[in-house]
Every structure is written in C-alpha cells, then in structure tokens.
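Could you slot chain C onto chain G? The hints should help.
Chains G and C, in that order, give the protein sequences.
Per my numbering, residue 1 is the first one in the first sequence, and the count goes up by one each step.
Per my numbering, residue 678 is the first one in the second sequence, and the count goes up by one each step.
Treat the hints loosely; a few may be bogus.
[What the hints assert, rightly or not] Cβ-Cβ distance ranges computed for the label pairs, FRET-style:
1) V633/G / L694/C: 48 to 58 Å
2) R648/G / M678/C: 53 to 63 Å
3) L682/C / I662/G: 47 to 57 Å
4) I662/G / L686/C: 17 to 27 Å
[Claimed, not checked] To give a feel for the contact side, a few chain G residues facing chain C, derived at Cβ under 8 Å:
5) A42
6) M654
7) R656
[Unchecked claim] Selected chain G positions facing chain C (Cβ under 10 Å, derived; list incomplete):
8) S419
9) N652
10) G653
11) V655
12) A659
13) W660
Treat the hints as calculated values from the structure; they're not laboratory data.
Quick caveat, the model's predicted, so the values are computed rather than measured.
All residues carry an ideal CB built from backbone N, CA and C; glycine is no exception.
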Amino acid sequence: MESHVNEVLLRWIVIVPLLGAAVNGLLNRRLSRRLSGLLACAAVGVSFALSVVVFLRLVGMEAEQRRVTDTLATWMAFGNFRVDLAFAMDQLSAVMALVVTGVGFLIHVYSLGYMAHDEGFSRFFTYMNLFIFAMMTLVLGENLPMLFVGWEGVGLCSYLLISFWFNDEANAAAGKKAFVVNRIGDFGFLLGMFLIGTTLLPHLHEGEGLYSFATLQSHAGILAPVATAICLLLFVGATGKSAQIPLYIWLPDAMAGPTPVSALIHAATMVTAGVYMVVRTNFLFVLSPTAMAVVAAVGAVTAIFASTIALTQNDIKKVLAYSTVSQLGYMMLACGVGAFAMGIFHVMTHAFFKALLFLGSGSVIHAMSNEQDMRIMGGLRSKLPVTWWTFAVGTLALAGIFPFAGFFSKDEILWKTWSSGNTVLWVIGFVAAGLTAFYMARLISLTFFGRNRASAEVQSHIHESPATMTVPLVVLAVLSLVGGWIGIPHFMGGLAHFEQWLEPVFAAAAGSGGHITEVHSGVAAIDATAHAVQTGHAGGAAVHDTTMEWVLALASLAWGLLGLVLGWFVYNRRLGVAAAARGLGGGFFHKVLENKYYVDEAYEGTFIRPGFRFSRTVLWKGVDAGLIDGLLVNGTALVVAIIASLLRLFQNGMVRFYAWSITIGMSVFVLYLVFSR
Amino acid sequence: MEVTLTHYLALAGVLFLTGMTGFIVRRNALIMLMCIELMLCAVNIVFAAFSRLHGDAGGHIFVLMNFAVAAAEAAIGLAILVEIFRRRRTVNVDDLKALME
Chain G
1 MESHVNEVLL
11 RWIVIVPLLG
21 AAVNGLLNRR
31 LSRRLSGLLA
41 CAAVGVSFAL
51 SVVVFLRLVG
61 MEAEQRRVTD
71 TLATWMAFGN
81 FRVDLAFAMD
91 QLSAVMALVV
101 TGVGFLIHVY
111 SLGYMAHDEG
121 FSRFFTYMNL
131 FIFAMMTLVL
141 GENLPMLFVG
151 WEGVGLCSYL
161 LISFWFNDEA
171 NAAAGKKAFV
181 VNRIGDFGFL
191 LGMFLIGTTL
201 LPHLHEGEGL
211 YSFATLQSHA
221 GILAPVATAI
231 CLLLFVGATG
241 KSAQIPLYIW
251 LPDAMAGPTP
261 VSALIHAATM
271 VTAGVYMVVR
281 TNFLFVLSPT
291 AMAVVAAVGA
301 VTAIFASTIA
311 LTQNDIKKVL
321 AYSTVSQLGY
331 MMLACGVGAF
341 AMGIFHVMTH
351 AFFKALLFLG
361 SGSVIHAMSN
371 EQDMRIMGGL
381 RSKLPVTWWT
391 FAVGTLALAG
401 IFPFAGFFSK
411 DEILWKTWSS
421 GNTVLWVIGF
431 VAAGLTAFYM
441 ARLISLTFFG
451 RNRASAEVQS
461 HIHESPATMT
471 VPLVVLAVLS
481 LVGGWIGIPH
491 FMGGLAHFEQ
501 WLEPVFAAAA
511 GSGGHITEVH
521 SGVAAIDATA
531 HAVQTGHAGG
541 AAVHDTTMEW
551 VLALASLAWG
561 LLGLVLGWFV
571 YNRRLGVAAA
581 ARGLGGGFFH
591 KVLENKYYVD
601 EAYEGTFIRP
611 GFRFSRTVLW
621 KGVDAGLIDG
631 LLVNGTALVV
641 AIIASLLRLF
651 QNGMVRFYAW
661 SITIGMSVFV
671 LYLVFSR
Chain C
678 MEVTLTHYLA
688 LAGVLFLTGM
698 TGFIVRRNAL
708 IMLMCIELML
718 CAVNIVFAAF
728 SRLHGDAGGH
738 IFVLMNFAVA
748 AAEAAIGLAI
758 LVEIFRRRRT
768 VNVDDLKALM
778 E
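Here chain G stands alone, though its shape is the one from the complex (with noise of 0.2 Å):
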C-alpha cells in the first residue's frame, strides 16, 4: 500500500453539515425562519468550498497518487479486524463529493423559497443537513462501514423526508415503504458485506483495516472464488437504494416529500449511491462475469420497463420519479459494461438536469397552488417564463439532445454497450431513449403548451416564483447545458476529460486483476474476462474505427428529436391522436402501464397480504400470544406463584412456629456436623 497524504480538511466537509443540523435541530423554533434556513445554507455552503479546495488540491497532484485520507480514529478493532473512522477522497469520492454539496447547495437555496410558509421550517433544514452529513459519509468512507453508516443515514433521512408532512397519512405511509423497501435492500448489502469479512478476516496482514477499499482492492484476488455471491449480494443493496427492479417500488411514492426532496434526494443525489457503491467496488465486479451482466440486464431493463410506465402518469412529479428510475437503469446498465466512468457521468449530468426538472416542477406546483395533475395545468409557458426556459433546458438534456449534458452521458453509455457486444441491451437502451424524450415532450405539452385548464380562482393566483427559486434554477440550467462538456468523447474532437480523470479508479481494478494471476492461476480465466470486460470500454477511443460512434450518436440524436417532436405533436397539436391510439386496442395497454403493471399490486397478493397472514395466524396468535406471552412470561409468573404458594406455608404469623422451625433446623445441621465427620 502505498502511503497517502494526510488532509484535515476531509473531515469538515462531512462534519460542518452535521453542526448546521444539530443547531438546527436543537434550537429549532428558537431561531428565526432567516437564520435557520441561512444556517442550513451556510453550512452546505461551507462544505461545498471545502469540496472545492480538497479537490483543486487533488487536481494538482500527480494522476496516480490523487487520493488524500483523513483518519479520526479507530472504530473498532479485535484481533485481526479493525475498521477506522476514516474518510478518503480519490477521484471518483471527489466528483460525488462537488456534485451533492454543490446541487444540495442550490437545492438548499432554493428550498428557503419553496418552504417559506411551512411550518416545519427548521425542522426541514435539520433533516436536509443531516441528509448531506449522511451522504457524505457514504461518499467519503474510506471503508464499507463507513460507507454502509452513510448509507443507513441516507435512508433516514430519506423517511423522514419523504414523511415531512406526517399529518397527512399517506405521506407517512410512503415514508414506511421507502424505508421497508430498503432494509430489503440493506440486508442484501450487510449479507455481502460479512461475506467478504469472512473470506478476507484469515489473509490479512497486521495494520490492514479490513473493508478499507485500499485492502479490498490490494486483496481481490482473496475474494475472486466468491465475487459473484459477493456482487449480487451487494447488488441487492444497490437496487434498493437505486430503485432498480425488483425494489424500484417506493421512489415513485417518495415524491410524497416536499418537492425540494424529491429533487435532493430522490433524483440528484440519494439514489445514485448504489451507482455508486457499484462503482466504488469495481474491482470486485470485473471478477465475475455473472454479476456484470446481472447488473447490465437489471439496468436496461429497468430503464425501458420505467420509462413505459412513465408515458401515462399524469403527476408531474410521478412522470419524473419513473424517468428518475429509468435513467438510474441507465447509470447501471454502464456499470454493468464495463464503463464505469460513463456510469459516474451520467450520474453528474442527470444530477444537474433531474433536480433542475425537480425543482421546476416544484415552481410549477408552487404557482398552481400545489396542484400536481397535469390535466389540469397547461399554457404556462407565459406566465412563468424562467421557469419554463429552464424547464425547456432539462427537457432537452434528459432527451439527450446534443450539446446538451445529458446528450453525452446517455449516448456514451449506449455507445459501451454496443461496443461491448450487447446487442440487445443497447436496443432496450436506446428504445428507452425515445420513449424518454416522448413522455418529456408530454409532459411539457400539458404543462406549459395549450390553454390553462384550471380553475379561474387557480389561474388569478399563478406567479413567478421568488428570485431564491429561479436563481439555483438558472444555474442548474447552465450546468445542464455545459455539464457534459468536459466528457465530450474523443471522436468528436473532445478530450474526455472525465473518463481521464476516473481512470486511475478503474486502472487499479486492472492492475489487480493482473495480481491476481500470479496469485490464484485457478482465477485466471476470470480474470482473463475481466479484462475484456476492461478492454471492451477503455479501448473505444483509439482503436475502433470512429464511423460506427458517429452513426450511433447520430441516429440516438435524431430518435431523440423524433420522440420529442412526436409527443410534442401529438399532445399539443391532435389532442385526438392520443384518445384515439387509446381506443384502437391501445386502451389495454394504456391502463396496464397507468397502473404501474400492477406492480404494486402483485407485490399486495405475494407477499404483504401472506406476510399479514402470517403475521397475524403464526406470529402474533402462534409465537407472541402463544409461545411469550403464554410460555415464557406467564409460565414463568406461574412457576413462581406455585412455589409461593407452598413457601406462604411457613408464614404463617405463629411465632412459636418459628422458633421451632429455628430449633429443628439447627438441630439437623448440628447433629449432621456432628456425624458427618
């Protein structure tokens, strides 16, 4: 192991938000609505420049040796296990790191206007701060518990969010099943996580911290014999995190939350943590085969499969969750090829344009005074001018049109899957892609085109929203327009900056796959895969012939174009086209996907409805009344009124008795004393 630089300043960026959250949090009414949300503000503010000054630091080392850590102190060791507290921030760690303080900065600044008349005030700022603290953590851990502390953390904060509005039943209801939903998740990832404890625990060195990423990946070739349970069972922690099928359930419902958390947590940050976590393990993917094409199928699929369902919502917000899910699918679908830069940089860019939609849909609730159906909304376009220019922005990133961000993330990503031999997976990717920009064009049809279907009392009180909302709107915008520019790819004539940055992340991966040969010759067919799974995204740029990148890049364009110009025609300009699809055999299949693919409600008939059968005849009749209540408490309160009963014998408030109690036991222990010698 090489020796790392030593950088204080780590441990601020994760502790400062932490402080914002308990000032918040414990003087909570105390402070004034002002410094409250300026507090919450400042202290995101705070850990976003140092965000900035550990990367630019990082930036000025040499490319092998970025990679700073900042240990606090040892968590818990006995004998061979040690874990610390430690953060570490190498590249991938960096640009996470500037992406969740810097969107959750905007976010933050755009929520002192979203939530100005809010009760909860304070109480929303401590929850969204301690969210950042959390998911620095998970950014930041130099280990998987650390990592897993983050991740916990997240899901907190994510129920308390989504549950903000408690009052409301539903709200605490969705709050319950996002949180379910990912322990299912959680126990996949812990499972994973013991496995490797137990592989690893035997081969370590002294001084090694286990789970520290540096060991992990020094020691892959240990764990190459299991990386396949090892992977999917992280992976099961991954799709519930990241909403992939089969958990993908409970983010559509997390849009319950005020909308500056669904645009936080829900779609910019949060959810991309198992991208992340997949990423950050890399080394331990490239080792199974079998893992990289679970993780690329579940992707792509998942991508199509939300994106159908996403052409019916009429929620606004409900339309984003399920294009949230869908892009997630993507980010997934490039981890599992392999190209797990195009993954990272299709988290960054939909970071910017899917809290940009967020929070444009939050302005345009906001002027509608909180109505969410878009049936109800349209000819917007006027009245909330900013908002729809940015909203405009967004569109056309999440659609993929060039020079947006989203262009470059999404058509790299499908470009590695193609490259990478999977056909079909890149036809599913690019089906979803137009049907992306169709349900977008959709939405922005019903919402912004046409004439306001409102009621008068509605329209009289739609209004721009506050400079504090249209400021972190505009600069989301331009980050949405200029964001994929420093991964233009090298057959347009770009540098691909971003792919060189991440490199090193996922050089080392390589280079412990060579280790492993010498190690392990059993493992060397693995590893032979690996490296074509490596090859198969790192040699794009230079030895493929361009011809086939421009063509795919091209016709991913143009079906982008198409998709929005189609739903852009058919529901603004022949409102019939749609009802009439809809009665031509089609109205089938519309309310299939407008009921999700009853998704919801097999999950009700597998295994909620048996688990409350269960819970109710077995556990509650059987175990808990039966087994603890009757067995063990009142048996045990039984056993003690017999015995009781009998003792109450010798009480009986005759002194006499007790003297001769007294006198025949002392004689018997006399008389034994006596004879036993």
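Here is chain C on its own, set in the frame of chain G:
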C-alpha cells in the same frame, strides 16, 4: 473436685436447653425475651471456658461484645413489647399475628 471444661460445657448446655425450651413453649413475649437472654448467656459461658482453656483473650472479647449486643437487643425488645402492650393490652404472641402472609 476440679472444675473442668466439661463442667462448663454441661452448665452451658443445660442453660441453653432451658432457654430454648422456654422460648418454644411459653406464649408470653416477656418470658420469651428472657429465654433468649438465657441462651445468649450459655453461649457466653462456652466462650469464656474455651478462652480460658486456650489462654487466649479473644473469647473474652466476644463475651464483652455479646453483652453489648444482648443489652441493646433487650432494650429494643422491651421497648417494642411495652408499645405493643399499650396498644393491644396483651403480650401473648399467639394473638400477635398481624404480619401473617
């Protein structure tokens, strides 16, 4: 006749049995207290006898301690008895079973 250890022990045994019997058969709490004193006295004799046999002053110390304890016990016991008598007009222990169960 020389007084040996056996004589002391016999005296102590007789005293102890007297006290014990009295404690068991009598119902008057005052008498029972006196019987306890008798038994304590028997124990004191044993202590003193062995102390003399071994030429060790430890036994005497115990006897002195016992005196103090017995005096304290008698004082408290009598005080309680007087109070009980004032309230219940009896010191018959068979009538005093309010603490049953």
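Violated hints, by number in ascending order, as checked against the structure: 3, 5 and 8
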